[in-house]
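Asks: Chains A and B, in that order, are what the protein sequence lines are. Using my numbering, the first residue of the first sequence is number 1, and each one after it goes up by one. Using my numbering, the first residue of the second sequence is number 1001, and each one after it goes up by one.
In case anyone wonders, no lab produced these hints; they're calculated from the structure. Fair warning: this is a prediction, and the values are worked out from it, not measured in the lab. All residues carry an ideal CB built from backbone N, CA and C; glycine is no exception. Hints may be right or wrong, so weigh each one.
As the list claims (entries may be wrong) - Far from chain A, by Cβ distances over 12 Å, these chain B residues were calculated:
hint: 1; residue: K1080
hint: 2; residue: G1084
hint: 3; residue: V1141
hint: 4; residue: S1250
hint: 5; residue: V1279
hint: 6; residue: M1314
hint: 7; residue: M1321
hint: 8; residue: F1324
hint: 9; residue: P1343
hint: 10; residue: E1357
hint: 11; residue: K1368
hint: 12; residue: T1390
As the list claims (entries may be wrong) - Which stretches of chain A does chain B cover? Using the computed rule of at least three CB atoms under 8 Å from a CB of chain B, they are:
hint: 13; stretch: 116 to 129
hint: 14; stretch: 187 to 193
Unchecked claim - A short list of chain A residues far from chain B (calculated; beta carbon distances all over 12 Å):
hint: 15; residue: G37
hint: 16; residue: A48
hint: 17; residue: L70
Spelled out from the first residue to the last, the chains are:
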Amino acid sequence: MIKSAEKKLTVYTAKSPLMEPGKLFREMLSDLKASAGLAMRLTGRDIAAQYRQTALGYFWAVLPPLVTSLTFILLNRANVIETGAMNLPYPVFIIAGTIFWQLFVDALNAPLKVVNVNRAMLSKISFPKEALVLSGILQVLFGFAIKLVLLFAVIAIFRVPVQITAFAAFLALLGLLGIGTLCGVFLVPIGVLYQDIREGLLIMTGALMFFSPVVYPPPAQGFLATIIAYNPLTPFLMLCREAFFDGTLHYLPQTLAIMGVAAILLLAGWVSYRVSLPIIIERMDA
Amino acid sequence: MTDTIVSVSNVSKKYCRNLKRSLWYGVKDIVSDMAGRSKDQYTLRPQEFWALQDIAFELEPGQSLGLVGRNGAGKTTLLKLINGLIKPTAGKISIRGSLGALIALGTGFNPVLTGRENVKIAGSVLGMSPKQMDEKLDEIVDFSEIREFIDTPVKSYSSGMLVRLGFSVAIQLQPDLLLVDEVLAVGDLGFAVKCMKKITEYRNNGGSMILVSHAMHNIRFHCDKALWMERGRIVDYGPSHAICDAYELSTARAGSHDGEMLIADADFAVGEVDYPIKVAGNQGFGFEIEFLAKRAVKNPIIVFAIFDIKGQHMIWNYSNMDEFFPSLVPGSNKVRVSFPSLPLANGVYSITVVLHENQVGNHLVVCKNSFSFEVTGADAGFGLLATKGTWSIAHE
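Only chain A is shown next, with the shape it has when bound in the complex:
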């Protein structure tokens, strides 16, 4: 029998956890460590559950970017979309663009989705809550891995050479994943309380795609050019494509700078997630 003095003491009060930052960060780290195994299990559960009752299985992961791409390829053929001279075949350009973009969108939606799916568990069982966000990230990565197969298939079909700088694209992809998760985590408190956020998110991301260099290269001038230039996602999407196909890294410094800021914000997002969860859980089950 362990002596009672050596056992872990847990204290709950009404005080804000931020009043004891040292304790808060120690708990955050120990919970993160405890989350890893659970996150893997939850990811396995959700992926198995999602695809087990489908006939098409993992094909559903590639269907959304495929449909978007085909739509724009048709529009491009019909000359509805003017892309100007490009050094890439348009199908490769757009499939790469939508797959990179989808990584951001999936990461953005994942935290809120995974918290909502596990409402019952959150309101009844005590477990390290970081596992949910980690599991969300793992599920996004799983979907992305399947989509990469599609991308490489298209690259092979069109015989586009992949540059050695493609490794830098993974940095940009990590950035898209990180910024998506960061925004998603910040949306969890308000998004769980108000359904409006989930509805709005769908419309917002749809619109945001057209203000990002996803389905067309950024125009050189005009109103759209300004918006795209100030869009913090632009460097990531541009770096992905140029590193993959052009062998250049013009957007690398910008990307790194934004990632630095995002890393700090991600920590703030994590704190807000932890602090708000008990308050949200109280309002979760009727």
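Add chain B to chain A, keeping to what the hints say.
Replies: Chain B only, in chain A's frame:
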């Protein structure tokens, strides 16, 4: 610091009645928490009420506490606070050691996945490592007694099977403090008895427990102390037998829907009253019930029933079948029922009293499974009944 395993001091919790307002308060609370400003609150905002107010108790290692009270008394809220799922509005909860919970068994099970897959996930959620899980898996499956269905998707399971599986996983952990919320009542009888045995085993190994139950015999059997709550406040706190008796009497006092009839008092006519009430086996037995009536009841039919701890009817007597045709007058009516000999085997029993008017089914007061007592010294073999036989032998 004393060596209490759990210490709850002046804990209060407020909730909001209105959904929209509650969401808005949630946003405000998150903002004030993020600003690092929140502290104990003692005032209510519009439409808020105290779900818990000034709850305080301590539990030493190895002790168990029963929480009793009507629905909505705040028992589940208190468990959620101790489990760390929600934050107190004021006060402090300290827990020394690990905590486990037998609450909402089977939560997080995915219907499409098999029992085996769900067991692994559930174990992981409760903090078991994959290695521990592999070691315990067989034991869990064996305990649940559903080995033949373990590789079937759980959507084809009955609710009882889900609970079996959930309990089997949750009980594998050996926490210092176990929170149990009404799970003993679910599942079939055989399994419920098995669960109780497992919990007794856990307690014998020095485990502490907080048990929420409406079944007083469970509280009496498993708990040293009990806390009686009503509307978020402590009504009484003390040894479980005394608290259970007081609580039972108060539920009996609750009386009829229209308030025209109530059971004011009820007692064993056994002379000296000591808790738990002990009745000698195979002896005469009497019980007195005081009905307070606001109007006359011309044709009352009174039911007096005794159940054993598993819920089996031991006796179920109707006053009219015993050829007793009283009438109740406005005011106090003391009814006494006695039995020359009650051949019950040793064990714990509870009493149910029902008052019908004119015909069975038209009940005015139902006082179910209240008034527990223990039969001791019934000198007989096994069986539900303990009655002396007279033996003889004849030789041709």
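Asks: All hints are to be evaluated individually against the structure, with a verdict given for each.
Replies: Hint check:
With 12 Å as the threshold on Cβ separation, the claim that K1080 of chain B sits away from chain A is violated: the shortest Cβ distance comes to roughly 8 Å. For G1084 of chain B, the shortest C-beta to C-beta distance to chain A comes to about 5 Å, within the 12 Å cut-off, and the non-interface label is violated. Every CB of chain A is more than 12 Å from the CB of V1141 of chain B (nearest about 18 Å), matching its label as outside the interface. For S1250 of chain B, the shortest C-beta to C-beta distance to chain A comes to about 29 Å, beyond the 12 Å cut-off, and the non-interface label holds.
The non-interface label for V1279 of chain B is consistent with chain A: the shortest C-beta to C-beta separation is roughly 39 Å, beyond 12 Å. Against the 12 Å criterion, M1314 of chain B stays outside the reach of chain A, whose nearest CB is about 37 Å from its own CB. For M1321 of chain B, the non-interface assignment is confirmed: its Cβ lies about 46 Å from the closest Cβ of chain A, beyond the 12 Å cut-off. Listed as outside the interface, F1324 of chain B is consistent with that label: its C-beta sits roughly 48 Å from the nearest C-beta of chain A, beyond the 12 Å cut-off.
The claim that P1343 of chain B lies off the interface holds: its Cβ sits roughly 45 Å from the closest Cβ of chain A, which is beyond the 12 Å cut-off. Every C-beta of chain A lies more than 12 Å from that of E1357 of chain B, the closest at about 38 Å, which supports listing it as non-interface. Every beta carbon of chain A lies more than 12 Å from that of K1368 of chain B, the smallest distance being close to 28 Å; the non-interface claim holds. Interface exclusion of T1390 of chain B from chain A stands, the closest Cβ pair being 54 Å apart, more than 12 Å.
Beta-carbon proximity to chain B at under 8 Å applies to 9 residues in the stretch 116 to 129 of chain A; the threshold of 3 is reached and the given coverage holds. With 3 residues carrying a beta carbon less than 8 Å from a beta carbon of chain B, the stretch 187 to 193 of chain A meets the three-residue requirement, and the given coverage holds. With a least beta-carbon separation of about 6 Å from chain B, G37 of chain A fails to lie farther than 12 Å from that chain, contradicting its non-interface assignment. Some Cβ of chain B comes within 12 Å of the Cβ of A48 of chain A; the nearest lies about 6 Å off, and the non-interface call is violated.
Residue placement check: L70 of chain A keeps its beta carbon more than 12 Å from all beta carbons of chain B (closest about 31 Å).
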